[in-house]
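2 protein chains.
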Amino acid sequence: MPDQPALPFTFEVLYGEGITLSQFDNHIIRRLSNMKSHFLDNAAYEAALAQEDTVLYEVYEIHRPEIPGELLHGLSIVHPGKVGNEYYMTKGHFHTVLETAEVYYCLRGQGCMVMESPEGDWAVEPLRPQTVLYVPPRWAHRSVNTDSKEDLVTFFIYPGNAGHDYGSIEKQGFRKLVVEVDASPQIQDNPRWLPPEVR
Amino acid sequence: MPDQPALPFTFEVLYGEGITLSQFDNHIIRRLSNMKSHFLDNAAYEAALAQEDTVLYEVYEIHRPEIPGELLHGLSIVHPGKVGNEYYMTKGHFHTVLETAEVYYCLRGQGCMVMESPEGDWAVEPLRPQTVLYVPPRWAHRSVNTDSKEDLVTFFIYPGNAGHDYGSIEKQGFRKLVVEVDASPQIQDNPRWLPPEVR
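Going down the list, the sequences are from chains A and B.
Just so we're aligned, residue -17 is where the first sequence starts under my numbering, counting upward by one.
Just so we're aligned, residue -17 is where the second sequence starts under my numbering, counting upward by one.
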């Protein structure tokens, strides 16, 4: 006889001034101090941090066994703001098991997902309410909030065995940055980025 | 060198009188005539079919490779109605790879998910707008629309290698039925259902 299977469950996405979940197992809070070296303008970063260790983004996670066949899921909230002219964003990561995808459903806000493959291909896709984004296997991904006032809120789902690999992103960042130019978001080259063959 | 990876993509969930997707690869339409033997009251089924071969539910699918690490996803729409006193519902199925989960995000309507394990455990969870349902590995699942007027619309995500196994459900149905009694949904035993040990 197999063990009693895990029971099905439901929870609610609660819409209010903010969006949250009626039930979750883990609440991650990422502040400016957790994001050292992620923004290009380090002087602006240090100046902002000296003022206040602001919360940049939050993640609510539902725990499931970290094995193939299970689906990890939860809510991501990137607050509005900038460091220098670079918009608030998540750290971004590859999956440790590279050949695993992720689905994002955008619930609120305006922003984009910055992505790149280990070979140095890049892509930026828009995120608006009711946008579904498919991040295929192999693509690192980072959410960026390009709105000046509203949170960027997404619901995400990825395979239980995917894991998170922050290593190469923390070292040099993504190939592309999303910055504000003349009050509009613009995609720019990241001068710190090196192509895979010269790293 | 690996092949060029698949490109990320986005599409929109379009809200109107109905809900649909801005982009999809496959549109499945299930009519009364596709649902023979799924409803308990066969006389009511034949009488309804003699009137009109009504559309009971529709599924919009996004194609991805059917392998582990990919995520299949799309939109499910169960229309309102009954056959006898049993609400319109999907056929329901196990995953062929039994140890795979599924996430449902309810976008519109009122209904429930009827589930059961191969061991005969059962569960019924409510579906309302903004409800997230986790169907753990091993649970067969069927959506039921218990509203009299509105579609039940859910967005679903499951592992690329899951597959669909309709076999045992088509033979005898789920252990529990959802029927209307005094204008309200009620969970009842399915008299055709047999426990695993006596099948």
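No wet-lab data here; the hints were simulated from the structure.
There may be inaccurate statements among the hints.
[Said to hold, decoys possible] To give an idea of the interface, some chain A residues facing chain B are shown, with a C-beta separation under 7 Å as derived from the structure:
id, residue
1, PRO(-10)
2, THR(-8)
3, VAL(-5)
4, GLU(-1)
5, ILE1
6, SER4
7, VAL37
8, PRO47
9, GLU48
10, ALA83
11, VAL85
12, GLU107
13, PRO111
14, LEU115
15, PHE138
No experiment lies behind these values; they were computed from the predicted model shown.
Every residue gets a Cβ at the ideal spot worked out from N, C-alpha and C, and that includes glycine.
Outcome of the hint check:
no., hint, verdict
1, PRO(-10), "holds (5 Å)"
2, THR(-8), "holds (5 Å)"
3, VAL(-5), "holds (4 Å)"
4, GLU(-1), "violated (16 Å)"
5, ILE1, "violated (9 Å)"
6, SER4, "violated (9 Å)"
7, VAL37, "violated (24 Å)"
8, PRO47, "violated (9 Å)"
9, GLU48, "violated (13 Å)"
10, ALA83, "holds (5 Å)"
11, VAL85, "holds (5 Å)"
12, GLU107, "holds (5 Å)"
13, PRO111, "violated (9 Å)"
14, LEU115, "holds (5 Å)"
15, PHE138, "violated (10 Å)"
Violation of the numbered hints given earlier is confined to hints 4, 5, 6, 7, 8, 9, 13, 15; the remaining hints are satisfied by the structure.
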